[in-house]
Structures are given as C-alpha cells and as structure tokens.
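Residue numbers (our numbering), protein chains in the order written: chain A, 566 to 795; chain B, 4 to 301.
A couple of the hints might just be wrong.
[What the hints assert, rightly or not] If the Cβ cut is set under 8 Å, some of the chain B residues that face chain A in the computed set are:
(1) H19
(2) D134
(3) D136
(4) I207
(5) M208
(6) R209
(7) N210
(8) G212
(9) A213
(10) T214
(11) N215
(12) F217
(13) R219
Simulated from the structure, these hints should not be mistaken for lab results. Glycine is no exception: its CB is placed at the ideal position from the N, C-alpha and C atoms.
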Amino acid sequence: MIECTHVYKKYKNGTNALYDINISVEQGEFIYIIGPTGSGKSTLIKLLDGEEVPTKGVVKVVGIDVGSLRASQVPIYRRNIGVVFQDYRLLPTKTVFENITYALEVIKMKKPQVRARAKEVMGVVGLGEKGNAFPHELSGGQQQRVAIARAIANRPKVLIADEPTGNLDPGKSDEIMALLERINKRYGTTILMVTHDLTLVNKHRKRTVVLEHGHIVADLAEGGYVRHDQ
Amino acid sequence: MISRPIKEGFRGVGRHWGMALSSAIAVTITLTIISIFLVFSWHLRVFTKNIEYSMKIAVIVDEKYENEAAEEKIRSQIEQVEGVKAVEFSSKEAEFQYYLDQYDDAAMREVMAPFGDDNPMNDAFYVEVEDGDLIEVISSQIREIDGVEKVDYGGQTTVDVVSAMETIRRVGVIFVAALSILAIFLIQNTIKLTISARQDEITIMRNVGATNGFIRAPFVWEGMIIGFLGSLLPIALTIWGYMALYQHTQGIVFSALFNLEKPIPFSLYISGILALIGIVVGYIGSWLSVTKYLRWKR
Ligand SMILES: Nc1ncnc2c1ncn2[C@@H]1O[C@H](COP(=O)(O)OP(=O)(O)OP(=O)(O)O)[C@@H](O)[C@H]1O
Ligand SMILES: [Mg+2]
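Take the sequences, apply the hints, and build the full model.
Okay, structure coming up:
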C-alpha cells in the first residue's frame, strides 16, 4: 500500500532531510513514525501526499508513483488518501457538517451521497450530535475528530496523520488513538501516524519506524520504543 | 441556482469590499478615460475619412489647351496617375458661376456678373483621391502633365491637421493599453489579498484533492465581478455624457464634416465595449494572481 525505496530528500535550500528511506506498509497496517524534532517525519509525510518530490528513489502509494506525478495530477491522487494534521485545519466559518461536506463537494461528489457520507463519518467519530456546531465551539479533541471524519469521508485506502495528538492532553490522545484503531478495523484503512508521544507509542503498541537525522534507525515490528540514551 | 464559484466570487467581493471597491474604482477611472478615448478616436476616424473624402485636387487647365481634344488627353493622363479615384470636368463657365455663388449679397453678384463675358476663369478638373495621405504625391505628379497650369488642393494645413489627429489617435491607443495594464495590475493585487485571506481554505482544498481549476474559479469570478462593477459608472457616464454632448452640439462640431454619431446605438456600443474590457481586465488580473500563487504548489 505504501512503498518507499531508497528515498532521499534534499530541500532546495540544501537541507538534507531524508537519507535512503526504505519502508513497506501492507494494506490494513497501522504504523507509527517517531523521532526527535527535525528528524524528517513531516518531510516523509509530504513525500507521501505528493506535496514534495523525492530527490532520489521511488515513493509508491496505492500503486501510484507519487514523485513522478505532474502537479495537475496531484489533486486527483490525493483523493486516494486522507491527511490529518496537528492543527486540525478546519474552516472556522463552516459548521462541523459543512466542513465535512465541503471536502466531498470539492471533489464533485453528488449531493445526496455527500450528505449520507457526512452523516456516517460523524457517527464513526462520535460527533453525530455536533453537526451544527462551529469549530470554535468544540474542544481540541473534538476538532481533531472532525478533521479525521473529513479525512475518511471519501473512504481513502490510506490515512496519514502528522502528530494528530500533538495538541491534546493524554486522555484526549487516548480517545483519538481508539478512534483511529476503530477506523483501521472497520474500513481496513492503512494508517501511518507520525508522533512525538512515546507514552502513546508504548501504550498502544504497533509497528514503529524510528527516524533520526533523516535515517531510519529502527523498524520495530512489535512496537514499543525505549530511547537508547536512557 | 447560481453555481458555487460565482457565489464564492460574490462572497469574495463582499469579504474584502474595501479592496474590491478601490480596485473597482481604478477600473472605473481607467474605463472612463478609455471611454473618452473611444468616443474621441471613433469620431476622429470618421472625421479623417470625411476630410479625406472632401479633399479634391483642383487642376487648372492652361488657356492654350482649352479644347476638347487636349482636355481629353489631360483627363486620361490624370486618370492614369496611381491613387486617383475619380476625375470630374468643370468648364470655365461653371467655374465662374461657382465663383459668383460665393457672394451672399445679390447686389454684389450683379456687379460681378458682367465680368463673365470676358471670363477670367479657366477650365478645370477636380480629382478625387483614394487616400488623403497620397494627396501631395498625386498633386506633384499631375503638375508634370502637359497643359496643366496649376494644381491646388485643400492645402498643407488640412493634410497636417489630418496627420496630427492620426498621431493623437495612435498615442491614445497606447495610452489606453497602458491604463488597461495598470487596471490589471490593481485587480491582481486585490485578488492576491483575497488569496492570502483564504490561504487556509486553499490549503484545505488542496489536501482534500481539489484541482487547480476548481480552486481558481471563484477568484477568477471575483476578478470579473470587480471588473464589471467598475464598468458600471463609466457606462452611465458615457451614455449620459454622450447624450448631453449630442444635444448640446446638435450633433455637429466645428463643421458639417464633423458629425457626431447618433447616441443610440453609438453610446450603447461603447458601453458594451467598456463592460467587456472591464470583465476581461478582471479576468486577466485574477487569473494571473491565482496562477502565480498555485504555480509552485503541488
Ligand atoms: N520546506 C522546507 N525547506 C527547507 N528545509 C526544510 C523544509 N521543511 C523541513 N525542512 C528541514 O528538513 C528537516 C526535517 O524537517 P521535518 O519537518 O521533516 O522534521 P520533523 O521530524 O517533522 O520535525 P518536528 O518533529 O519538529 O515536526 C529539518 O532540518 C527542517 O529544517
Ligand atoms: Mg513535523
């Protein structure tokens, strides 16, 4: 489902962000990408969602060579994946329901289907009652649920999350984890989640890829991670 | 039902109505000036055509050649000169009558009439040319023909006036083009503001897979709406101003050569052109702005 082979990324300003990255993720897998700040986690996400192009190597997602897509093809490719960020990125002037339907209207889905999908995913994330609320009326955890609902509304095969719990307290983080696990089970969505939160990684054990200075330093199938300087 | 990009376009205008207003005003000023130039240069064209049309070369025949055979020869030689459209003969009697007719005063005409017995006039040809610019060249060629005593035309001043007006018209065209570019630039900047205000939304659209065309559409509509709004006042001014000008002058300026077009449909044509320029300027400005913003984004 996700296939990175010998991927290097050097930014235009000369910063080397990733070196020889090799990752293979099967359909339905749930994996963590962890590492200290500046280790290249977000860069990897940008390569996966087509925002950046690898300097060397091949990034394949759902069978598509993402790096070789023309700029005009990238939006169409993105319809295959859902992306969630630390800062939620909801439209403040739209209600919860509208935020979700908006994402579907943008890709020109038919009206009745849009409404049905929006209702469904609001149920999945447990916000069935909050459709008419505006983002600022919700807690951080609830806002992130809306973002997740929006990301999965188009039933993507892959869900990519860049520190989705970065702004949340441990209790709320656990709830988001539980939600992601539910989505992973229910829809068989492949999930790749970047996180800083080692407590979370150790509590909800999954395959864990560790990045440091742009290199993969560990790929632990059983999960759990102990810092080697401790 | 109005489609989404148009609705979003209007919303964009409303959201930054201050900026939208100022660039609409820029369009308004531009289009007002364009309107004046359009009206001016259109009439200049008509005027120039009229002058050129009325400019005839008077060819005075030498007394010694005043017989049918010689004059027939002169006529055919004139007709062979390139750029000559028509040649008309006028006998010395007709010439004298024309001279008499110049007097408004009947008494004066009576005093002058006897001079016709020993007619001081010569036979003449009146030559129409195809293009006013050629009048000088053609005149000098006709002057060379045997039996031609004198060649006269409206004079250098007329030619100079025509070419000066033509120059003004050309400068006007350049001026109008420069103003349009300025208006495009202003709209481009307004749309840039809307874009930066909606940056988050654009980012989100990109994340969920909206195409560039889809993202671009509302901004382009916004630009076209601003351009169109900017054209409304100039259109009103044109229709009203032109009506007033027409009524005030009775449709004639300077001389009968310079007729004003009838306000309807002329001012409506100009209005149509203004609206079109406004919309096109808005389209180009906003298109440039969005394209510039999206160019490096994947
Ligand atoms: N657009 C960019 N242009 C140039 N350099 C960049 C760019 N984005 C990131 N970098 C650099 O690439 C390296 C990796 O950055 P990245 O954002 O991938 O790290 P990260 O692991 O996500 O860090 P964090 O945990 O703080 O989010 C850093 O040195 C960063 O400064
Ligand atoms: Mg990051």
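Inset, instruction - Tell me, in ascending order, the numbers of any earlier hints that this structure violates. - result: 1, 2, 3 and 13
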